[in-house]
Structure formats: C-alpha cells, structure tokens
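Could you use the hints to bring the two separately framed chains together as a complex?
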Amino acid sequence: MPSNPSMAGALVGAAESDEIGYIEAGKTSMMLHIEAIRNVAAQTGIKISDIEGIASPGNANQIAEYLGIHPKWTDTTSVGGCSFQLHVHKALAAINSGILDVAVVSHGETGYSQRKNQGKGTGRARGGDPWAPDAQFSAPYGVAGAPSNYSHALTRHMHQWGSTKQDFAQIAVTTRDWATLNPRAVMHSKETHPNGGPITIDDVLNSRVISWPLNLLDCCLVTDHGGAVVVASAEVANSLATKPVWIAGAGENMSHANMLEMGDFTATSAKASGETAYRMAGMGPEDMEMAMIYDSFTVTAGITAEMLGLTPRGEGPSLWANGNAGPGGKFPVNTNGGGLSFSHSGMYGMMLLIEAYRQLSGTAEDAVHGLPGKQTDAKSCILNGTGGSLSHTGTLVLVAD
Amino acid sequence: MADYNKPIPDPDPYVTQPFWDGAKAGKLMLPRCTSCNRVHFYPRMICPHCHSSSIEWFEASGEGYVHTFAVQHRAFGGWADEVPFVTAYIDLKEGDRMFTVLRGVDAQNPETIKVGSKVKVEFEPATDEVHIPFWRVVE
Ligand SMILES: [Zn+2]
Chain A
1 MPSNPSMAGA LVGAAESDEI GYIEAGKTSM MLHIEAIRNV AAQTGIKISD IEGIASPGNA
61 NQIAEYLGIH PKWTDTTSVG GCSFQLHVHK ALAAINSGIL DVAVVSHGET GYSQRKNQGK
121 GTGRARGGDP WAPDAQFSAP YGVAGAPSNY SHALTRHMHQ WGSTKQDFAQ IAVTTRDWAT
181 LNPRAVMHSK ETHPNGGPIT IDDVLNSRVI SWPLNLLDCC LVTDHGGAVV VASAEVANSL
241 ATKPVWIAGA GENMSHANML EMGDFTATSA KASGETAYRM AGMGPEDMEM AMIYDSFTVT
301 AGITAEMLGL TPRGEGPSLW ANGNAGPGGK FPVNTNGGGL SFSHSGMYGM MLLIEAYRQL
361 SGTAEDAVHG LPGKQTDAKS CILNGTGGSL SHTGTLVLVA D
Chain B
1 MADYNKPIPD PDPYVTQPFW DGAKAGKLML PRCTSCNRVH FYPRMICPHC HSSSIEWFEA
61 SGEGYVHTFA VQHRAFGGWA DEVPFVTAYI DLKEGDRMFT VLRGVDAQNP ETIKVGSKVK
121 VEFEPATDEV HIPFWRVVE
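Taken in order, these protein sequences are the chains called A and B.
When we follow the numbering used here, the leftmost residue of the first sequence carries the number 1, and every step to the right adds one.
When we follow the numbering used here, the leftmost residue of the second sequence carries the number 1, and every step to the right adds one.
Same shape as in the complex, but just chain B (with noise of 0.2 Å):
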C-alpha cells in the first residue's frame, strides 16, 4: 500500500463519501433515486433521471458486464509501468456505468476480450483511507 504509485481518488466529504466508506469496507455502495428507483453513477445531490432529491445508497452486487474497452499504449506516472494495460466501461448490474482498469485480460492480445464479458469488482487499498475499486473478468 505504502508503494502505491499511481493518481489516488480525493473523497469530496459532502456527497461522495460514502462511496469511499463503502469501497474501504470492501462494499460496493451506489446511489439509488427512491422517487424514481434508478441508479446513477457518479454520485450526485440530485437525481440525473427524475432530478428528485431523494437519493440513498444501497450495496451493490458488484456485478457488471463490459460495456467497451480499450488498451493503453501510453501513459503517465504509475500507470506509465504498466502498459499496456485494458480499461473499461462497466454496466453495473444494478444500471448505470463505472470506469476501470480491467483485470484478468490479456493486454498483448484485445482480440480475445470480448464486450458482454461478466465481470466483478475487487478493491485495492491505495492509502488506509482509500481503496479504490477494480473490476476483473470472471468468465
């Protein structure tokens, strides 16, 4: 942990915070609109669908598919050591969309990662305070 090198995540303590409480506990926490009960992400004050107030959050299955991928060629910092490397856009199970660095792929070879492929979330500790989620294909 002490040699995580890449851009860690700076919790806003208004309105993300719980997200990063969540993900230190190891749970995926979302928000979910309790006027119109759909999620959205990222987190918000105000519901992006309805534009209710009235938002919750709630563990999630963290479960998703792969929405779209790409492989890094070129990158900066931490990231710089690991190219190449897959991230992702995830549909979360329970709706809406995450961002990834993807595990369990094979970078040297995107044509044997597939859109559709299950995935699941696992969390990495960058600091004691925040461990930031990755999602890795499971089938």
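This is chain A alone, in the form it adopts within the complex (with noise of 0.2 Å):
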C-alpha cells in the first residue's frame, strides 16, 4: 500500500561552497560541488562516506565518482533551476519507500568563472541539437538567453491583467532590502558591489532595457555559486546534532519544455505542483509564514506567487507592496535577497533550500549568512522553484519542528 510521504524526511543540513559570488581566480563546477559537499558533511556530522544517495542536475555520477562512494540511488533529474526540488521531491519518496536514509543534493556551477575558463569547467556537455524544435523554430529569430524568452511573458501580463512595470520593479526594490542583511550577498553593499545597497523603483525603471519589458534590475545576478542539502529519515534527522526542516509536502509539475508550447503566459506549472505539495501537508497558503519563491526574473516572482496561491490572479506583484513581504514585513518572501540581490549562477533552486533551511532552523543570522532582521519567527516555508523557460517546477512544503 502506497502511504503519504509527508514528514518522513527532513532537511538536516544545508551548506554554500566555500567562496560564492563573482569569484574572480575562478573556479570549476566540481570544485564548487565538493567544496558544499565537505561543509555540509562537517556541519551535520554525516560522513561522506555515509551518503547513500547522491542528486544533481546531470552529473551526479561525476560527483560521485570524484568522491569514491558507490551510492545506491542516484538522480541526475536536470530540467534547470527547479531540479533541486525536484531532487528532493525523488528523494522524500525513497527514503519513505525504505530504499535510504541519507542523500545529498549537490550543486556546483560558474555562471561568472566560466567567461575566465573559456566555457571549460562547466560539468556540462555542450551544443544543443540542430534538430530539436527550439533550434529549427526558435534560435532562428535572436532570442539569446532567459531575459530575451521571459519577457514575453510580463508583455502578456501587463496586457491581460492591467499591471505595470512598476508593479513588478517593486519586487526587485524589497529582494534587495533582504539582500542588504546578507554579507555574502553581491548587492549587499557599496562594498561587495559598486551597485549594491538599497535600490528604488525608479532605479529598477531606470536601469538598462535589456529585453522590454525587462530591464537589467528585472533579471537575476550571473555569479558562481555552490551547495548542498543532506535530507534524511526521520530516523536519521532525530539523531543528529543539527535540526532538522520536516519536508510536509512535494509536487512538481511541467506544462512545456520549449516555451513556444506555452500555452498562458501568465500562468505556470508551479500551481499544478503547489496543489499537489500542499495537499501532501494537509496545508494550504494560508498556513504558510514565509516564502521562498524562484526569481530569475522579477515575471517570474511575481507570477508564480499567484499560482502558490499567494495573491489572487494576476495580482501576484502585490505581495511584495508596502513592505510586506521585506525586512519585519507581515510574509518574508526571499529572504537571502534572492537570485535578484544574491546570488543566481543560472540554476538558482539551491539558494532556495538553503535558505529556507536557515530560516526554519533558526541559523539564518549567524553573522556569515545574516545580520540581525534577517531571522524571521516563521515556522513553515512555501518553497517553488522554475526551471527552462517558465516550464517546469518543484514545490516544497516545508515546516520547523
């Protein structure tokens, strides 16, 4: 008989690579990989040589072959950011079919390195398929990168449900408030970036158009970025040192892969995982205390806060008005300052975890990872992740003891 997974595995650790951000002697995904892999081991206590399962986005067996372990279980789920809580979504049902009781999920990769190593490094097979539909019916009309696909999306919003671009600029300005409590944040300050500290509307209306109607405040950070989370059994959570961030509910869900198969531009895939994962809780938005919330783009953030249920349709940017959702804000909504303020190495579903996993485990001020206002008394997190273009998503329900 199949039987709920809920609560039967839990975050219990949660760790960066040693160096985050613009990395200027550079670096390689797998240095990155190992270095988030050693900090969570020493932070949970849990042996590398104990991981009994190991996820990431297409290379999980490089890891850990690098590593020497044999794991048992293995997810290589690569469908961009979101993979990660797809990785956890995977391993939540493992552990509750009994096949283990340890797995990391790992992520390593040099969004900004990568320049200085020529595209080497990367952990990735490079070129894509002459074949595919994307490269016969889209590549041929310019479009380079996520900013030139998103767009398309807040053009829709706007027109279908009357918003602006200040609405959705308002969402950069509170993601930088949080940022400006996080030291290792790019846009913390003047002193980690020319740019960084706090930001105003216009400043975001102001910035350069990069694909209309995003400009460049619009669109996540390119940084280098590694990390890791061990989720395990309730068995195994209960015995460690660290405490552990109860996984209530999983979904994810995808609507298209290229995003000329997208059906409504202003809708995601995020509300079909989010049904799913609140109802693994036996929870629904109004349970929830906190966000954490992809924001590749300011769309993105926005739009899928109306698919978590979060604000009614088409209202998705008001979340984030009048403070709600920033520093003492009534809804802490990307809390680490988000792949906006950050860090974004182009898969940003880790930073997700990780910071979900401090604020719930009460380690989100710790003078490395938060200054004071950063911990929030929130004791259950809605977590989505996106990957591709608006495509595919993972969501997680996440709970404090």
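Hints are computed from structural coordinates only; laboratory data are not their basis.
Certain hints may be false.
Here are the simulated distance ranges between beta carbons [claimed, not checked]:
{"no.": "1", "chain 1": "A", "residue 1": "P130", "chain 2": "B", "residue 2": "W57", "range": "17 to 27 Å"}
{"no.": "2", "chain 1": "B", "residue 1": "E59", "chain 2": "A", "residue 2": "R313", "range": "35 to 45 Å"}
{"no.": "3", "chain 1": "A", "residue 1": "A321", "chain 2": "B", "residue 2": "D81", "range": "37 to 47 Å"}
{"no.": "4", "chain 1": "B", "residue 1": "Y4", "chain 2": "A", "residue 2": "A93", "range": "45 to 55 Å"}
{"no.": "5", "chain 1": "A", "residue 1": "P130", "chain 2": "B", "residue 2": "S61", "range": "27 to 37 Å"}
Computed from the model, here is a short list of chain B residues facing chain A with C-beta under 7 Å [unchecked claim]:
{"no.": "6", "residue": "P7"}
{"no.": "7", "residue": "Y65"}
{"no.": "8", "residue": "T68"}
{"no.": "9", "residue": "F69"}
{"no.": "10", "residue": "E111"}
{"no.": "11", "residue": "V115"}
The beta carbon of each residue, even a glycine, is placed where N, CA and C say it ideally should be.
Pasting the structure below:
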C-alpha cells in the first residue's frame, strides 16, 4: 500500500561552497560541488562515506565518482533551476519507500567563472541538437538566453491583467532590502558591489533595458555558486545535532519545455506542483508563514506568487507591496536577497533550499549568512523552483519542529 | 541571400521537411490531425491533442495575431547588429503558435506595438534550400 510521504524525511543540513558570487580567481563546477558537500558533511556530522544517495542535475554520477563513493541511489534530473526541488521530491519518496536514509543534493555552477575558463569546467556537455524544435523554430529569431524569453511573459501579463512595470519593479526593491542583511549577497552594499545597497523603483525602471519590458534590475545576477543539502529519514534526522526542517509536502509539474508550447503566458505549472505539495502536507497557502520563490526575473516571482495561491490571479506583485514581504514584514519572501540580489549562477533552486533551511532551523543570522533582522520567526515555508522557460516547477512545503 | 548572417534552421528530413519545403515555395504549411482536426506547431509525428498518428499537411492562410512580444536589446551573432528588434509569439489563424522576429513595428517605441495586431507571414531566403518565415504587422 502506498503511504503519504509527508514528514518521512527532513532537510538536516544546508551549506554553501567556500566561495560564492564573483570568484575572480576562477573555479570549476566540480570544485564548488566538493566544497559544498564537504561543508554540509562537517555541519551535519554525516561522513561523506555514509552518503547513500546523491542527486545533481546531469552529473550526480561524476560527483559520486570524484568522491570515491558508490551510492545506491542517484538522480540526475536536469530540468533547469528547479531540478533541486525535484531531487528533494524524489529523495523523499525514496526515503519513504525504505530505499535509503541519507541523500545529498548538490549544486556547483560557474555562471561567472566560465568566461574566464573559456566555457570549460562547467560539468556540462556543450552545444544543442540542431534538429530539436527550438533550434529549428525559435533560435533562428535571435533570442539569446533566459531574459529574451521571459520578457514575453511580462508583456502578456501587463496586457491581460493590467499590471505595470512599476508593480514588478517593487519585487526587485524589496528583495534588495533583504540582500542588505546578507553579508554574502553580491548586492549587499557598496562594499560588495559598486551598485550594491538599497534601490528604488525608479532605479529599476531607469536601469538598462535588456529585453523590454525587462530592465537590468528585473534580472537575476550571473554568479558562481555551490551548495548542498542533506535529505534524511526521520530516524536519522532525530539522531543528528542539527535541527531538522521537515518536508511536509512536495510536488512537481511541467507545462512545456519550449516556450512555443506555453499555453497561458501568465501562468506556470507552479499551480499544479503547489496544489500537489499542499495536498500532501494537508496545508494551504493560509498556513504558510514565509515563502522562497524563484526570482530569476521579477516576472517569475510575481507570476509564481499567484500560482501558489498567495495572491489573487493577476495580482502577484501585490505580495511585495507595502513592505509586507520585506524585512520586518508580515510575510517574508526571499530572505537571502534572492536570485536578483544575493546570487544566481544559472540554476537557483539550491539557494532556495539553503535559505529555507536556515530560516526554519533558526540559523539565518550567524554573522556570515545574516545580520540582525534577517532571521524571521516563520515555522512554515512554501518554496517553489522554476526551470527552463517558465517550464518546469517543483514545490515544497517545509515546516520547523 | 549569400550574406544571410543569422542562425539558419537545419530541417530534419523525417518530420519537419514538409514545413521547410512549403517555406521554400512561399507557402505556410502546417500539420493537422485528421482524427481531431486540430493544428499543432511545432510539427510532430503524433498529435499532442488526441495522440493520433494520422497527421496531414495543408497550406494555411498565413494570417495570425500577435499573442505577446518583447523588444530585444541584447543579441548575439548576426542578430547583434539588428538590436533593438521585436520578437513575438503569433497566434495562427488555424490554431497554435509560431515564434518570429516581428516586422512592420517600431522597436524604439514598444508602447505603440499592440498585442492582438493582425499579422501576415512572409519568407526570407537564407539559403537556396531554407527560406525562413517572418511575420509582419499589417494593421
Ligand atoms: Zn488529434
């Protein structure tokens, strides 16, 4: 008989690589993976040799080999930035089935260093399939990278729901406020970046146009980043010194792979993956006390807020209005400073997991990862990752003890 | 044509070739399912609506409407010389969508470009064999 995997497993540790952000000396993705895994092993007291399962987009097998371990469970699911949410989902199911007790989900990505490295050391195969649909029917038209695709969704949202660029700019402003409380955030202050520190809506609207209607400050950073979390069974979770953050609900879904197949440009599969996660948890949006929402772009975060039931349809950005989502607000969102102002290496899902773990385990202020005012009192978090071109989503409902 | 310096599609000879044969002849050929009568795009060997494998090709009107658009200020290769330019998803009159660089619009003034504008297809020869469809606002 299948059983509900809710609470069968927990995140029991979360760590970043030694260095994140703009690593001027350069690193490879494997170096970032290994640093993060070493750090999460030290944090949890779980020996690398005791890792039973490993997940990472595309290359979990290579990481296991590099570590000299022989996991009995691997997951190389690679569907963009939400891959890590899907890894946690699948690890939870595997734990609930009794297949394993300890899995590590790992991320290492050289969004910044790969220029210095001339495209080497990314851990990824290069080049696409010339016969793939996007190569034949999208690429000929000059789109280059995520912003050039996501901008079409914001145009449609403004047309369909009467929203404005100002509404979405508020998301960037509030998210930056959180970054000023995170010393590791790229945009923490003028000390960390010439353009760091607080910003205004006018700053967003006056920043360089990248792909109208998206301006530079509507877009995430492009950094180096590594991270790892440990997903463990309840038995293991309760035996460790670190605090568990329980996985109450998990869900995944996809609407398309190529944006050509995106039906409603103002909606994503976060509605379906969110409903699955809420149902598993036996909770709803009204039970959530904070949110970690993928903010590759302001439009990503705004639409996702609607999909997760946190605002009415068409009013996603209202979640950030009046300081509600900012420091000291009644519903904190993206408390690390987000992909917009903390760090975003290309696949941001790991950063969501790490910050949610810190918030719900009460470790969001330790002078390295947060200054006074960053730790919230939230005991529950709705967490959603988005991958591809608003394509794939993974949603988790996390709760503290 | 010899100086076409932007990405040129590489038709696959198994499934999409009829589309590109049509384009070369100045015709917009679309795949339609003979079981549910619905059009789909990009071309497939199975209908994504009802999963019938009975697909026929027909010449479409070449008319549609702008579903949404964006103005690209950053691009690579040959397109880098064209910025800013407008990209758009087109609702085809016969159903489903195509992507394009939109012609007949003012990229410097995005507020003058309207979702819902009527568009028509035209074809630009990139090579002797591959002619690329582009859509132009006609009202
Ligand atoms: Zn059909």
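Verification of the supplied hints:
no., hint, result
1, P130/A - W57/B: 17 to 27 Å, "22 Å, holds"
2, E59/B - R313/A: 35 to 45 Å, "39 Å, holds"
3, A321/A - D81/B: 37 to 47 Å, "41 Å, holds"
4, Y4/B - A93/A: 45 to 55 Å, "50 Å, holds"
5, P130/A - S61/B: 27 to 37 Å, "29 Å, holds"
6, P7, "5 Å, holds"
7, Y65, "12 Å, violated"
8, T68, "4 Å, holds"
9, F69, "6 Å, holds"
10, E111, "10 Å, violated"
11, V115, "4 Å, holds"
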